[in-house]
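All chains, please: the whole structure from these sequences, using the hints.
Below, each chain spelled out in residue letters.
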Amino acid sequence: MPDKVTCIICPNSCVIEATKEGEEISLNGESCNRGKKYAILEVTDPRRIFTSTVLIKGSDLKVIPVRTTRPIRKNEWINAKQLIDKLRLDAPVEFGKIIISDFLENGIDLIATREATKNDTGNIDLSRKF
Amino acid sequence: MKRTEILDNYDVTIIGGGPAGLSAAISSKVNGANNVLVIDRDLYLGGILQQCIHPGFGLKKFNLELTGPEYAHKFIKKVLDMDIDYIIDAFVTEITKNNEVFIICPEIGIKKITSKAIIFAMGCREKTRGSIRIPGFRPAGIFTAGTAQRLINIDGLGVGKRIVILGSGDIGLIMARRCTLEGAKVEAVIEIQQYPSGLNRNVQQCLTDFEIPLFLGHTITDIQGSKRINKVVFSKVDFNKRIISNTEKEIDCDTLLLSIGLIPENELTKKAGIEIDSSTGGPFVDNMLQTSRKGFFACGNVVQIFDLVDYVSNDGELAGKSAAIYSMRKVKNRYNSNKKVFIGKGRGIKSVIPQILKDYSFLDKNKQIAVRVSDRFEKPVFSLKNSSGKIICEIKKQYALPAEMIHLNINDYFDKILKEKTAFLEVKE
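Protein sequences appear in the order of chains G and A. Residue numbering for the first sequence is 1 to 130, as defined by this note's numbering. Residue numbering for the second sequence is 131 to 559, as defined by this note's numbering.
Since the hints were derived computationally from the structure, they do not count as laboratory data. Remember, it's a predicted structure, so these values are computed and weren't measured experimentally. Some hints could be false.
Straight-line Cα separation of at most 27 Å, BS3-like style, residue types lysine-lysine; simulated pairs [unchecked claim]:
1) A:Lys291 with G:Lys86
2) G:Lys74 with A:Lys315
3) G:Lys37 with A:Lys551
4) G:Lys57 with A:Lys207
5) A:Lys191 with G:Lys36
6) A:Lys257 with A:Lys480
7) A:Lys470 with A:Lys509
8) A:Lys190 with A:Lys207
9) A:Lys527 with G:Lys36
10) A:Lys509 with G:Lys36
11) A:Lys207 with G:Lys97
12) G:Lys97 with A:Lys208
13) G:Lys57 with A:Lys291
14) G:Lys62 with A:Lys207
Some chain A residues judged to face chain G by a derived CB distance under 7 Å, without partners named [to be verified]:
15) Gly239
16) Arg331
17) Gln334
Glycine is no exception: its CB is placed at the ideal position from the N, C-alpha and C atoms.
Encoded structure:
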């Protein structure tokens, strides 16, 4: 029985049939090379880019968005989230800064996807809107 | 991030600092406008992208898989590098017939500026409970999915512990995953149609990955709870979306998120006396994205709801270029000829953008119309017919779905189409 893989690489969302025969995997329905790579990974070692937010002090922002530099294993997501829940960052944090290097001990880093300046420049309290 | 020293006169003023507005600002400057101003009501530029912390943006435009803030960063950096003026925490209350823009802002009070060209880039807003009239009580704990997204991703707050999501639009799907990761239990996603309205890849990575149940062909028929919502009742619907009695199921919950569609935000546009197309909810535009008033342009989700931000950026580029050329008063020579043609909607067509084609000389060779169909079509044929029913041109596609915008390339037929006064677009299998 082939595994039906919905490709998540781009919005086309191709449905790719992956058939495992021993070590060999044959594909049907992929429309690009990235999809091909994705389908093989999806049936052998499924991974996703992990994104979340981390609390930050001393900035106009309350939280700062973060991501892993490469996809991590699906079953590592909850572990990853628990790790970053304990974090408290101090402003400033520049765009793309490594928050934790070698996150989850797999050679993949966790980086900031937004810049957080110190709040002495604007003196705007984000919370007043709510 | 704030600049309050703004001028009294601008070549191009852009209302909205999201993806459409930022892209339009950069393009205006690149195409020769000297003074460009971006106005945004939020406390930062980037618009809704800043709360879309998930990846999946920029694949078409940059061939990269970026998160929303990263995609926004590329454009914000350019705006800053190019010394484009911007004002945040500022709200436009009115635009007069004399191209005066009234701004209110806590830092500077009320300010009037005049601008040679104005670009509307206000984006869209979410439909609410009132839009689909869900019966039941009116307790706390009912949010639109985008509001919940903002509360979690910008304000660092939680929305609830046991969540039901109505509507399987992309924002709803993304929020199902986000809430799960934040420690909430997403009890169900309920969709009235027989198929998910979001992208399949989002159903996979947001629901299937986390074993969240999706109820297709169901809708909520009752909301219960006195102070906070504590239960929703949902029922099966038939193919005409009519509720089937005695199919009620109940779910205990403390939060309901609504992901039931978006509407272009055009209060300012209407107030400025610009004509709105009822099929898109946005202004009528021509192929330079000019509205029914000269010097007033519109781009992005304020014109129609786009599928991808990449296309919104492209739309902004075109509006920026058009506004810059208009502001430099090169308009006299902007036509190859005075011909113009209205594109009407025929069978199977829900909306067409632009609604008017003109023979602008400065526009790129790459001429497209964006179409939404009202039904599913396998191997559709799109045909443009003139007022007496004669076919001007036919364009074939592999498939057409109501959820996906289709771009029709009309380069080869443009001169032929311009010979008519009106043309009707139709689709059949």
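Okay, the hints, checked on the actual structure:
1. For the suggested pair Lys291 of chain A and Lys86 of chain G, the alpha carbons sit about 20 Å apart, so the restraint of at most 27 Å is met.
2. Among the hinted pairs, Lys74 of chain G with Lys315 of chain A is consistent with the structure: their alpha-carbon atoms are about 18 Å apart, no more than 27 Å.
3. In summary, the hint linking Lys37 of chain G to Lys551 of chain A is not supported, as the alpha carbons are separated by about 50 Å, beyond the 27 Å threshold.
4. Straight-line distance between C-alpha atoms of Lys57 of chain G and Lys207 of chain A comes to about 24 Å, which keeps the hinted pair within the 27 Å bound.
5. With a C-alpha separation of about 21 Å, the suggested pairing of Lys191 of chain A with Lys36 of chain G holds against the 27 Å cut-off.
6. With a C-alpha separation of about 19 Å, the suggested pairing of Lys257 of chain A with Lys480 of chain A holds against the 27 Å cut-off.
7. A C-alpha spacing of about 30 Å is found between Lys470 of chain A and Lys509 of chain A, which places the hinted pair above 27 Å, so the restraint is violated.
8. With a C-alpha separation of about 20 Å, the suggested pair Lys190 of chain A and Lys207 of chain A falls inside the 27 Å cut-off, and the hint holds.
9. Note on Lys527 of chain A and Lys36 of chain G: the hinted pairing holds, with a Cα-Cα distance of about 24 Å set against a maximum of 27 Å.
10. Note on Lys509 of chain A and Lys36 of chain G: the hinted pairing holds, with a Cα-Cα distance of about 25 Å set against a maximum of 27 Å.
11. With a C-alpha separation of about 16 Å, the suggested pair Lys207 of chain A and Lys97 of chain G falls inside the 27 Å cut-off, and the hint holds.
12. Between Lys97 of chain G and Lys208 of chain A, the direct Cα distance comes to roughly 19 Å. Compliance with the 27 Å bound is thereby established for this hinted pair.
13. The straight-line distance between the Cα atoms of Lys57 of chain G and Lys291 of chain A is roughly 26 Å, inside the 27 Å bound, and the hint therefore holds.
14. For the hint pairing Lys62 of chain G with Lys207 of chain A, the CA-to-CA distance comes to about 22 Å; that is within 27 Å, so the pair holds.
15. The criterion of a C-beta within 7 Å of any C-beta in chain G is not met by Gly239 of chain A, whose closest approach is roughly 16 Å, and the hint is violated.
16. The closest approach between the C-beta of Arg331 of chain A and any C-beta of chain G is roughly 4 Å, which is under the 7 Å cut-off, so the hint is satisfied.
17. For the restraint placing Gln334 of chain A at the interface with chain G, the shortest Cβ-Cβ distance is roughly 4 Å, inside the 7 Å limit, so the hint holds.
Violated hints, listed in ascending order, are 3, 7, 15; each of the other numbered hints is respected by the structure.
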